[in-house]
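**Q** Listed below are the residues making up each chain.
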Amino acid sequence: MSSAKVKMGKSLKEDRDVETSDDSDDSEADEQSNEEQNQESSDDTERNEIRSDLSTMSFVQLMKLKEELGTKVYNEAIFGKGSKSSSREKTKTDFKRANKNRPREMSSKRPVPFLGGEERQRAEQTSSRDPRFDENCGEYDSKIFKTNYEFVNDIREKEVHSLKKKMRKVEDEEKRKEMKLVMQRLQNQMREEKKRKIREEVLKEEKEEIKKAKEEGRTPWYKTKKERQLTELVKQYEDLKKSGRLVKHLEKRRKKNASKDRKKFKSGI
Amino acid sequence: MSSFFIKHKPKFNKKRKPEVPATKTSGTAKKKKAVKEESDEEIQSDDAFVSGEESDPADLFPEPEQETAQDKRLRLAKKYLEEIEKEEQSRAEDKEVHDLVSQRLQDEYLDSKGKLRKNIADQYTGYNEKTIKILKNKRQNLPLTSIVISQNGAFMFTGCKTSFVVKWSVPSGEKLGFFDCLSHVEQINGNKRRPHILAMALSSDMRFLALADGGNNIQIWCPDKLTHIKNFKGHRDVVTALTFRKDTHQLYSASKDRSVKIWSLDEMAYIESLFGHQAAITGIDALSRERAITSGGTDCSIRIWKITEESQLIYNGHKGSIETVKLINDENFVSGGDDGSLCLWSALKKKPLHIQTLVHGSQENGEANWITAIATLLNTDLLASGSCDGFIRVWRTLNNGKTLKELFAIPMCGFVNSLAFTNDGRYLIAAVGQEHRLGRWWRIKEAKNSIVIIELNKKESS
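Sequence order for the protein chains is A and B. If you read the first sequence in UniProt numbering, its first letter stands for residue 1, the second for the next number, and so on. If you read the second sequence in UniProt numbering, its first letter stands for residue 1, the second for the next number, and so on.
The shape of chain B in the complex, shown without the other chains (with noise of 0.2 Å):
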């Protein structure tokens, strides 16, 4: 330890240094130091030391004296070192610029390719009471199962426990259209079972809109004419989720019967199934590399399907079942159970990186408030999770997804069945009922069946 800490001091620890006649040193000695005090300056006090050990008289009135070699040699070396400093600052400059030119390319690419990372939700302050819009439509006169936003913000589909999903205008609220996917629910036994919008999907481009109508079959929409294109057989239970790949026509759905199955709507077809599960499955998503992930309700188990690789990665958390997962980025993801957790992921840990649980209490009888649906808006550390508890809670990710914070919570009376971030970061849309989005084990008397748009407010950024 000790030899560590006084490494350096010998070098310029003269007392150590055998006795020099007085007369030839007392020159050589003080140019040295000058030497020393231009070239760095952290050794002063080690100098200090030294010059007070030189007490010659003949120090102080220096003669002009002729100057020897060994002085000439030292004032090039001082010359040459000087040029050397001028070079190197300058090429510092330049490496600097360079650096930041290269830094500046390199955001732009990811931005375009929506790869970037923002810390941007220090700057929420809150939300705005005064325009919260709620939207209501007598053909979803009952609880509001899903959301899904268009890539550009500019619309929304909403499905319910009807058989309609009605389009929307997100900036105005204003509704746009509708439909109805009674029409083409399969029949059992010469029989139509009521349809329950379990989930949809839109695909980027806007071309396509898959929706699960609580049956076997996904059905295609046409999101702009509000037409059936094709209903996919397939799973042999009832398909609880359905998400795209991003930028892609390549739709991933998850059933109860346990599996994946892959889909391209370019070719209108099946491409594969993904096998793991071991309990219903219970959401999905995916980014735009070939992978999706999946929350496995009951069997407490978390999957990223590499898809061209075929196999799966498990993670394994929460107490009780898995109900929604989201991914933060290409690494990161979040999911909440019914134990009324919140845990964040690593792609790379097999265990959570940080739990956070009773995120919205719990009731009377002790059992936690499920949580029905999380946001998250995509490369940044801004979330929200939703539950019966009455709010809409907005969190922000610290040191690299490790903790959580909660910014501030909305108050929101009934099931949050759904909840989605406008890509801008500008709205959260929630998707409220007065029951939980798959049965009626609760009901909630005091909400309204509604879609809530709320606007967020921003810190103005420097």
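Chain A extracted, bound-state conformation (with noise of 0.2 Å):
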């Protein structure tokens, strides 16, 4: 068993000198061909030699030596070297031509499509269209816009949701930071998303309002930005008052304040 593995040992060393060697000078190039076949015709013999040694050994001794040799250096010693690389040349084939004259050659092995059918298969991919800014689909409305795009709301939410639970098992901290920054992103989106339809019906209301008073013969309120604004503020403050958020949100603003009012008055000094 030792000898196998000493032949073994000797003969693996002796490729990695061949493989060091090769990447010397051309000038040494053909004596380096000489060398590599003799090197072959003596590697075969020491395989043979290794095969008889393996030969008279049991299964439980080859198990064992195969365990401390590991099995890539076992195979290359048993079955040679190279020999799943020769295969792959061998379906590599060069179809060089001799000159521009000659036919192109080429292989017979692919399926290739219809006449034009690549040529289609590769527009279809191509083409993206935003429907925002195609004047196929009409003007935009924005309103018809989020509508139609209503799911990508739920797609949002079960995108952040999807987020929270992967942020708790990566742990490489960049990544971390990446996905909250999309979370953030998309949390702020539905955010205003809510606004905005609150806003929405706000609106609704009025014009229902100013439709009634029209049909009832008063003169309708047309409400001005400045008063829209104004009731908003009114809502809001009384939300923050409820939710008891009254006093931190207060707090905040006017720390905004002060830092903006401190900016205007060192940039006019």
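If you are wondering where the hints come from, they were derived from the structure by calculation, not from laboratory data. For clarity, every value in this text was computed on a predicted model and none was experimentally measured. A couple of the hints might just be wrong.
Non-contacting residues of chain B with respect to chain A, defined by C-beta distances greater than 12 Å in every case (computed) [as the list claims (entries may be wrong)]:
#, residue
1, I84
2, N141
3, F164
4, P171
5, E186
6, K192
7, R207
8, E267
9, E406
Cut-off 27 Å, straight-line C-alpha distance, at most; resulting in silico cross-link-like pairs (BS3-like, lysine-lysine) [said to hold, decoys possible]:
#, chain 1, residue 1, chain 2, residue 2
10, B, K306, B, K351
11, A, K100, B, K306
12, A, K109, B, K350
13, B, K351, A, K109
14, B, K261, A, K96
15, B, K351, A, K96
16, A, K256, A, K266
17, B, K306, A, K109
18, B, K349, A, K96
19, A, K109, B, K256
20, B, K261, A, K109
All C-beta atoms, glycine included, are put in the ideal place defined by N, C-alpha and C.
Mind assembling these two chains? They're in different frames, but the hints should get you there.
**A** This is the structure we're talking about:
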């Protein structure tokens, strides 16, 4: 057993020597090839010796030997090196022409689509359309667009959910940061969407009020932008008061304004 | 330039040489002259010039001198030269004989292999109008579509737009038998399609007859007993062309599904598929090498399939669809398209060697008459092409297949759907119909659906 092991180790070492010497200059290439041939023949004899040694060993011993050496070295020593690579070389064929007047040559094993099929496929792949800017989709109406793409909000919600789940597992700090940013953006979008909906509802109510007034013969009250903002502000105040976050909110606002003032003051000087 | 032309002159131009005493030159000069005359006649004019210079009276009456050492050397040299000449002559004769023998042996070998190239087209003078045989059969009352002739030229099989295939004897024009391929046509949803024989192929040893019934299957029949052997399934679309590799049982089939498939009839099995064409394949041909050639219809390409190398050579040509392709020999082939042109090709050139446009003229609307069939006599320079213009045209290729010359035209009413020469080049057989092989776009009512056997006239060769 030990002799076989020694031989295997030796053959492997020689193989490595050959590999390293392959990098040397072109001038030595011929000698090199001769050497390689010799090497090959000697390899064969050695392999045969190894095989004959192995043939007397029991399976348990063989298993042990394999474990000790590792399967890669073991296989290399027994079956020879590069048996795989040679088969790979075979499949690689060179279709270079002797000159440009010769016919093209290519593999006959690759199925091809019908004439023009390839181009059609490519065209299908490349065309990406944005309905907001595509003339084929008519003029852009944000309201219609938003109702049509309502489902995106659901997707966002799901995504936030899944991201939260994933974040627990991810340990890499940078990745985590990235994910957090994505999540925050999604959450912001969702919040904004909610606000927009509320605003829209208010507008709707206003319109209905006007309609009602007209029907009843009263003069309708058309709200200005400023009035609308004021009512919104009042509503916000009430909401905050209900939820008990009023003090915190006011504090934040005061700080913000103070910092703004400071900046103005500095730039003024 | 000039130095090139006067290169040989200075050798004999004595003018340039310094003057030598007259008495000494007189004898030697003359002898030298004699040697020159013997050895080379081309320099006579030069010699005359030289002799003109010598006007020495002593030269006219040469004394019987004692032979000097120099003279002796000259004499011996002459003798030696003569001997060599004789030897060379006998050797040259031997060589000539050897050359002739080797040439003949080579020719015989090539002939036995079916590879000897002969130029025989100039012997053909026309066709024999009296011996034209028109064969008709009631089972083949629709347009004839294909013909195959056995290797020895004794039998032929014909297919048409009905389900019957008829076996004929070529020299006598007798009907030997028939079979109906309908019973082996595949069923689709419990219904059978009306068969329409698109292509046939006969193995060289007359053991198998393959036929495409207009569907996805290939039927194999026994040409002797006229019995069904097997159906080959595998193509995904209509099989359009079939051929056997010469002297083997390897079948190549081409289909509308753009693939070429190879079948082995020894094992009765499918071997492999070859891909590359981008449109329905229209024609196929093969010789004894393991190579097939196909024409790819509207993708305007002809491809030679190197089966062992798993690769293909691509040749582009023609303006419309390429309808048929036929091999002339291992290197050259000819193709015909629906643009009405015949192209001659070499396997080593990507473009055609020669293009003969509007071979069969054009129709009233200006559209060219499609080439529907081509026949070649293997390894010779004889070709025939058919269309619907009322003539079969017989051609001769010149300059190693670089030019085409029309030899004669044989009047033939109707669509010439298939053409074939017998292997000895004695008969040209045409399958004629009222309609095109593949469809019913046009109809020539005056035509008769029949097979026409035309005997070709040959000059007595010496």
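**Q** Please list, smallest to largest, the hint numbers that this structure does not respect.
**A** Violated hints: none at all, because every hint is consistent with the structure.
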